[in-house]
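Taking the hints into account, I'd like the entire structure generated from these sequences.
Here is what each chain is made of, one letter per residue.
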Amino acid sequence: MLRSLRCAALLGGLFLSASALAVDVDPASYGYPLTNPFEATIATTPPDLRPDLPSIDDINQSDYSLTMRPEREFSLPDNFWPVKKLTYRIAKQDRAAPLIFLIAGTGARYDSTLNEYLKKLYYKAGYHVVQLSSPTSFDFISAASRFATPGITQEDAEDMYRVMQAVRAQNATLPVTDFYLTGYSLGALDAAFVSKLDETRRSFNFKKVLLLNPPVNLYTSITNLDKLVQTEVKGINNSTTFYELVLAKLTRYFQEKGYIDLNDALLYDFQNSKEHLTNEQMAMLIGTSFRFSAADIAFTSDLINRRGLIIPPKYPITESTSLTPFLKRALQCDFDCYLTEQVIPMWRARSDGGSLLQLVDQVSLYALEDYLRDSPKIAVMHNADDVILGPGDLGFLRKTFGDRLTVYPLGGHCGNLNYRVNADAMLEFFRG
Amino acid sequence: MAKHLLLLAALLCAGVANADNSKAHAPTVVDQDGFKEPLSKLKFNPGLDQREFERSTLNALNVYDPLESWNRRVYHFNYRFDQWVFLPVVDGYRYVTPSFLRTGVSNFFNNLGDVPNLLNSLLQLKGHRSLETTGRLLVNTTLGIAGLWDPATAMGLPRQSEDFGQTLGFYGVPGGAYLVLPILGPSNLRDTGGLLVDYTAESQINFLNVAEVSSNHPEIWALRAVDKRYQTSFRYGQMNSPFEYEKVRYVYSESRKLQIAE
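If you read the protein sequences in the order shown, they are chains A and B.
One point on numbering: in full-length UniProt numbering, the residue at position 104 of the first sequence is 104, and numbering is uninterrupted.
One point on numbering: in full-length UniProt numbering, the residue at position 250 of the second sequence is 250, and numbering is uninterrupted.
Hints are supplied without guarantee of correctness; some may be wrong.
[What the hints assert, rightly or not] Here are the computed distance ranges between Cβ atoms for each label pair:
| # | chain 1 | residue 1 | chain 2 | residue 2 | range |
| --- | --- | --- | --- | --- | --- |
| 1 | A | P313 | B | L48 | 43 to 53 Å |
| 2 | A | R329 | B | S233 | 39 to 49 Å |
| 3 | A | A28 | B | T134 | 23 to 33 Å |
| 4 | B | W84 | A | T35 | 20 to 30 Å |
| 5 | B | L143 | A | D403 | 57 to 67 Å |
| 6 | B | D49 | A | S322 | 23 to 33 Å |
| 7 | B | L48 | A | A28 | 18 to 28 Å |
| 8 | B | T28 | A | C337 | 28 to 38 Å |
| 9 | B | E54 | A | D352 | 32 to 42 Å |
| 10 | B | G135 | A | Q170 | 44 to 54 Å |
[Unchecked claim] Chain A residues, not near chain B, derived (Cβ > 12 Å throughout):
| # | residue |
| --- | --- |
| 11 | D198 |
| 12 | K234 |
| 13 | I344 |
Hints are computed from structural coordinates only; laboratory data are not their basis.
Glycine residues also receive a C-beta, built at the ideal position from the N, C-alpha and C atoms.
And the structure:
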C-alpha cells in the first residue's frame, strides 16, 4: 500500500514536473535588439523600445525618513549625518490602490535608475509605490542594518521587513487594498527572503512576489562580478589606465559628434559608433562599478562595527576629515575579501562556526527551495545570458519554479527590464 | 638548448600576443538549461591577478586638492543647504507653476546664457559653433519671443555651452586647485576665475536689459538660481557612497577636461 502510494506520488511528481515547464521566450519573436550581454547590461534598451512612462511632474511622490537605529545618531561620525536616518520614496495614488514595494539591487539606493523606472511603470498602472534601498546600500547599512554587515540574506531580510513595517506605520492612513513585492538583482533575492518571513509575521500577506534577475548562488554571483575586472583589456599600458582609455574614447566620440549631449540614447549610440567598447572593456566597466560597491560596503561595515580592518577604530572623523586614505584601502577589497574578512567571521561567531559551503547554502535561493517550489504567488524572470549566473543556476530555477519562471534569451543583467515586452509581462503578472 | 627553448617560448608567446585575443566572435554555446554563460565570451588575464582596477582608481584619486579640509566643509554646507533650502524651494516652484511656464523660464535664462556661449566660442575661434550659437540667439530672441521658446533646438541648432573657464582651458591654462564654492558647488581656480569673467561680461553687455533690471530686482536673481537648480539633475547623496566627495571631484575634473577637448 505504502509502496503504491509512493509510486503514485512519484508518477504524479513526474507528471507535474513535466507539465510545469518554464516559459522560454522564443529568441526569434522576442525582438530585443542587443545580442551582446555586456552591452545590454550597460546601455539597457534603446529609448524607442521602452514603454511610455509618466513624467515625474505627474507623479505624486515624496521622500520620507525613518529612524530605525537611534543609537547610530551618536555612534556614527559627523560626516555621516545624511545617513543617520533611512530615506525612502513613496508615490501615492489619490484613491485606494494596491501597494508595491521595490527593493533595489547591490549597493543601490531607493532612487536608483531601475527603481525609478519600475516606480513609473507601476505607478502608471495604478499602484502606490514604495522605493527602498538595498540592504547593501550605504544608507541602509548605516541607518537600518542591525549588524551593519550585509550579506547574510536572512538577516538582511529581517532588517528590510522592519523597514517595511515602519513605512506602513508612517503611512497608516494610506488606503491600501493589497500588498505586492518585487526587486531586481540582489533586491530580488532579498524579496524572496522577505516573502518567506512574511509567511510567519503576516504584516503584509503579499499577494504576489516577482523576482527580477535574482542571483541563485550568491557566491557564484560575487565570484563572477569580482572576476570581471580581470579581463585582458587591449590598450592599457604603463602610461594609460583603464579610465583614461574609456575617457579618451568618450572624448573622441563627442568630438566626432560635434557637441555633448547626455541623454538616454547616449550609451546605445556610443556603442554603435566606431569608438565602441570591446567585450573585455565593457566587462571591466561593469566590474569596476561593482568594485566600488564592494569598497563602500567594506568601509561602512568596518567603520560601524569598529573592526579596524580599513579604518582604525578610534580614528577621529569630522566633516573636514579626508577619507581618501580609507578609500585607497577599501578599494583593494573585492566582494570575496569582504566576505572572508568581515561576513564569515561575524557569521561564525554568531552561529557556532559553519563552513563556507553552509553559509553559501544559507544565503542563496537554495535555502528557500521548498518554500519557493510550493508558493504559487512567487515568480521569476531571468535572462539566459545574465552575467551573475553560473552553470546549473537556470536548472535550479527551472526545477524549483516550473512554469513560474520566464527565461528571456537576451538582456544581460537587467538590461531588458525596460524593454516594452518585459514591462508588459511584469504588469501582467501582478494584474493576473 | 635552454636558450633555444626560451627563444621558442618567446616566439610562441609573441604569436599569442599578436593574435586577436578576443573571444567575441566565438559561437555562443547554450547548455542544457538554456544558459549561455556570458563569461565564456571574455578573455581573462590568466593569473586572475591583475590590479588594473586598483591602479586606475588610485591614479584617478590624484586630483590636486590642497584645500581639501575647507572644501569638505563647504561640501557639507552645500549638502545641507540643498536639502533644507534649495530643494524645498524648487519643489515649491514646481508645485505652484505649470510645466510650460517652467520651460519658458528655463528657455529665457538659457537664451541669456547663449551670449557668453557665443563670446567664448568666438574667443576659441570655433567658427562653426559661433555661427550656430549666433543663429540660436537670433531665432530664439525673435521667433522665440525674447527666448521664452526655443525653436532653434527643434531646427537642429542644439545648445552648446562654452564658458570662460573652457576658453582658458582651450589655451592650455591648467585647472589649478580643486575648489568647492559655497552653493555653486565643485569648481577649480581656473573655472572660478572664468565664472567671474562671464558674470562681468554679461552685466556689461546687458542683453535684453536683464542685467540692469536684476540689479534693482533681486527676485530675478532668485528665480534664475531656482531655475538653475531645477535644471540641474544632480542630487547630493545620489552616488550613495561614503566617498561621494572623491567621486564628485573626479567626475568634475574629467568632465571639464572633456568639455574643453570637445
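A quick look at each hint next to the structure:
For the pair P313 (chain A) and L48 (chain B), the beta carbons lie near 33 Å from each other, so the given range of 43 to 53 Å is not met. The beta-carbon spacing between R329 (chain A) and S233 (chain B), approximately 32 Å, falls outside the hinted interval of 39 to 49 Å. In this structure the supplied range 23 to 33 Å is violated for A28 (chain A) paired with T134 (chain B), their Cβ-Cβ distance being about 52 Å. Taking 20 to 30 Å as the suggested C-beta distance range, the pair W84 (chain B) and T35 (chain A) does not conform, at roughly 48 Å.
At about 59 Å, the beta-carbon gap between L143 (chain B) and D403 (chain A) stays in the expected band of 57 to 67 Å. Checked against the hint of 23 to 33 Å, the pair D49 (chain B) and S322 (chain A) passes, with Cβ atoms roughly 30 Å apart. Distance hint check for L48 (chain B) and A28 (chain A): the Cβ-Cβ separation is about 37 Å, which falls outside the suggested range of 18 to 28 Å. For T28 (chain B) and C337 (chain A), the hinted distance range of 28 to 38 Å is satisfied, since their beta carbons lie about 32 Å from each other.
Distance hint for E54 (chain B) and D352 (chain A): a CB-CB separation of about 36 Å, consistent with the stated range 32 to 42 Å. Judged by the Cβ atoms, the range 44 to 54 Å given for G135 (chain B) and Q170 (chain A) holds: they are separated by roughly 53 Å. No Cβ of chain B comes within 12 Å of the Cβ of D198 (chain A); the nearest lies about 27 Å off, and the non-interface call holds. A cut-off of 12 Å between C-beta atoms contradicts the statement that K234 (chain A) is not in contact with chain B; the least separation is 8 Å.
Look at I344 (chain A): its CB is around 21 Å from the nearest CB on chain B, clear of 12 Å, so calling it non-interface holds up.
In summary, the structure is inconsistent with hints 1, 2, 3, 4, 7 and 12 from the numbered list given earlier, while agreeing with the others.
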